[in-house]
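Fit chains B and C to the given chain A structure using the hints.
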Amino acid sequence: MTVAAEGSPPLRMARAKGNALLRSEPAQGLALISPTLVYALILLVLPILVVIAHSFWTQNYLTIDRTFTLENYRVALTEPIYRDLLWRSLCISLTVSLLTVLLAYPIAYFISFHGGRHKSLWLFLITIPFWTSYLLRVMSWKVILGYNGVLNSGLMGLGIIDEPSTALLYNSTAVIITLTHAWAAFAILPIFVSLEKVDRTLVEAAKDLGDGPLRSFLRVTLPLSAPGVISAALIVMIPTVGDYVTPKLVGGKDGVMIANAIQAQFGKASNWPLGAALSVTTMVIVTMMAGATVLVIRAVQRLAR
Amino acid sequence: MRALRRFLSGGWLPAYAFLYVVFLYLPVIFLPIFSINTAATPKFPLSGFTLHWYEDLPRTPALLDAAWNSLVVGVSAAILSTVLGILAARSITRYRYPGRRTINGLIMAPLVLPEVIVAISMLLVMLQLGLSLSLFTVVLGHVLVCIPYSMTVLTSGFEGFDRSLEEASADLGESAFGTFRRVTLPMVAPAIISSLLVCFTISLDEFIIAFFLTGTEATLPIYIWGQLRFAAKLPGVLALGTLLLFASFLLMTVAEILRRRAARRTQNEGGLYA
Amino acid sequence: MPEQPSPADRPRSERAMIEIRSVTRSYGAFKALDDASLTIGEGEFFSLLGPSGCGKTTLLRMIAGFDNPTSGSISVAGQPMEGIPANRRPTNMVFQSYAIFPHLNVEQNVAYGLKRLKLQGSEEKRRVEEALAQVSLTGLGKRLATELSGGQRQRVALARALVMRPKVLLLDEPLSALDKKLREQMQVELRRLQQAVGITFVLVTHDQYEALAMSDRIAVMFGGRIAQVASPKEIYQRPVNRQVADFLGGMNFVKGEIVEENGASLVVDTLGFGRIKTDKPKAFVRNGGSATLGIRPERLRVLWDNATAKFEVAGKVVERHYFGEITHLIVEIPGLEKPLSVTETNDFGADDIPVGTSIRLAYEPEALVAMAD
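Protein chains in written order, with my numbering: chain A, 3 to 307; chain B, 70 to 343; chain C, -17 to 355.
Next up, chain A with everything else stripped away, as it sits in the complex (with noise of 0.2 Å):
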């Protein structure tokens, strides 16, 4: 009902010229917004700046020594439990994020070339399955994958295997699996979205100046959907490296990352500082691999052209 409150800005500027630095619309814009914007900074930067300097200070048992220490990061870091779950973190993610957009890319232009009438039912088919809970999804991929599960008691059934098969569940193959799939409409929609962008009569041009099918693809759309592919494989990327659920549900010993580590901190192992120095430590790297990818994304594009 607040919106009520701010009326037509035209209206207002009639009311009150005196207070003409509040009634701007600058000022009405902000005004507006500060509520929403307030609780983003009490609940989203407030947290993840007390987590920065959490990771700079110590723990005794319940109570936080606030003196400034590097040690945290100094475990982070070189421990080799820490060190090997962030390496393998960023690679299952950085995998994830290839497969999805590898897989996603035919797809969204699919869609967006050939959808014809139905585009926007294909993406309603495409992303319903993704408003199921991940939780739920994951599952399901516990039960195909299982030791007793839909794959090996299906393959049996076939006469494929003589016994069920321990490679498909717990290790880092079945992580990258089900994040694949988890993730695979967040990588369709942002590709989908910068094709459209595409001006067809820029393909037209193209062939009409002697370009074939795969050459007018590689110089025109690909490079023009280059945006979307960026932002598809960010979206995949980061919240990959710090995926809880699924490493603990269908990871096992082989598939820990990162993030079970963290949880671990906060929750066994009591110790927030080593835990809120994991935590910045995986977004530090995290930014600049997906910096790093960002560069090798744009240096292709200009390759290909």
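Hints are computed from structural coordinates only; laboratory data are not their basis. Hints are supplied without guarantee of correctness; some may be wrong.
Listed next, the in silico DSBU-like pairs over lysine-lysine satisfying Cα-Cα at most 30 Å (straight line) [unchecked claim]: (1) K107/C / K124/C; (2) K259/C / K298/C; (3) K320/C / K259/C; (4) K144/A / K250/A; (5) K270/A / K302/B; (6) K124/C / K97/C; (7) K250/A / K270/A; (8) K302/B / K144/A; (9) K302/B / K255/A; (10) K215/C / K320/C; (11) K302/B / K250/A.
Structure of chains B and C alone, referenced to chain A:
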């Protein structure tokens, strides 16, 4: 050579699209299939049809509590995040001011941040502020992750809202509040309802934040998480999961229909006004 | 179609309905409107004409109350409008996009403003019916806004504004979204409607034909300034400067030396047309010894065979462009810097004159009008 040309001209795309959709849906479809199977472990061949697992559900008090908690959290989170979403979406679509994009980016950030990190950061602050963990803290967390979705839905409803409609209302003698009530609200109502449904669905399905921020009370996903440890409970979990699945499908379909209606409404055909 | 008096001859009420005094609207250093003054009479059909960005829409929106002057004042029906918001002004507007409420049907759209007046149910219904009849939409009351054609939407917008019985109806490019044929039909209808209801109409348009066809008077605007206010005929025939002349249609410009100037007339020596005696414009400012004269292409007539005229020039056709009912000839005249453009109707075969033909053109000296550069 011919095969290569066919490949390049994209003749394989429809087949690929079909397989992709199968890949997307297949895992999800196993839940309902095994929830009506008599065997206690999900494997082929299917052993027989039963509704037994569903009949057990209402007889589990812990589950009923979790369902009630999920409902309370979902409704509160949906209302709060939609109100905050309305303010932000209206501000973003209607006004131009410096920092608009930055603020928008900040509000949308929870969408792309690792959920665990968002959850533990909030956990730290809430503990520092002396809030005891409860369903209330879960609501606070859910609102933060719901706002981006609410914004997306509402922005598509507000965008293209012809400003001259509100001017026309004022021109015909209506006050600012009357204009809001008689023009703005009815036009964006479908988008608002759509946002409520989307946010409710997200809250209903959300696990990580609830997992970190709740005290002793469980929501449905937390209940399911707890049950997953017991292999014997799996069919019951599958049945519950199936119900959640269908609830989400239904809510999101309605939400999508409403969102489209809202978007269509605001597309004023004579939209030459600049 | 009933006989209509031509707009220029129609007696205009002496009472002012809208008074605009030295209104300026600036956005930072940019002046959208610069010291504009204007009086619009009661019952007048008045047009603000100019290219986009000339300030005409800004002025209209300030009359409506959607914008406010940085300085200067506007009054409507003798009442100063400063501080009065749009919803309390005796003006109603037809928006360029029509702004038909898409969630309401035709009737509800038209009744939108009446709801605030708390009329009796039957009275409200009667007024809605009346307004719909005025715009020939009787029977379409239950249609949804989304089911209407462009022309119908425009009529709804008109009815919705007229039903409020405003003192002034403001129209912001109301015909620009319609196709050519419908636009011409609506020009006639709008004019007829205005005469029937008798209230002041202020129309914003960038289409000179629209303004000429409908208005009692026109204000031509450029770059935030009002260049000329006059009847359509006056504006077309006696534009005050080259810019106005050009905007209203084709004009041949002829330079000359002033040999005599007195209170009412000028005598100018031109190269192609010889010595011309012409009326001196009211606001004529002498710029050294030279003057610019203008003559519309249709005021030059081709002389066939041995026909003669009291005033004529001879030249050679260098280009010919066919436009259906008329032909456009470009004729080089010895001594003139630029060739003349001539518009001739095709009933005598102007479309068959070969390029390269030597022809003679007849003109009336009064058709050559002096103007500022």
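Hint by hint, here is what the structure shows:
{"no.": "1", "hint": "K107/C / K124/C", "result": "13 Å, holds"}
{"no.": "2", "hint": "K259/C / K298/C", "result": "26 Å, holds"}
{"no.": "3", "hint": "K320/C / K259/C", "result": "22 Å, holds"}
{"no.": "4", "hint": "K144/A / K250/A", "result": "11 Å, holds"}
{"no.": "5", "hint": "K270/A / K302/B", "result": "25 Å, holds"}
{"no.": "6", "hint": "K124/C / K97/C", "result": "17 Å, holds"}
{"no.": "7", "hint": "K250/A / K270/A", "result": "15 Å, holds"}
{"no.": "8", "hint": "K302/B / K144/A", "result": "14 Å, holds"}
{"no.": "9", "hint": "K302/B / K255/A", "result": "23 Å, holds"}
{"no.": "10", "hint": "K215/C / K320/C", "result": "26 Å, holds"}
{"no.": "11", "hint": "K302/B / K250/A", "result": "18 Å, holds"}
Every hint, counting from the list given before, is met by this structure.
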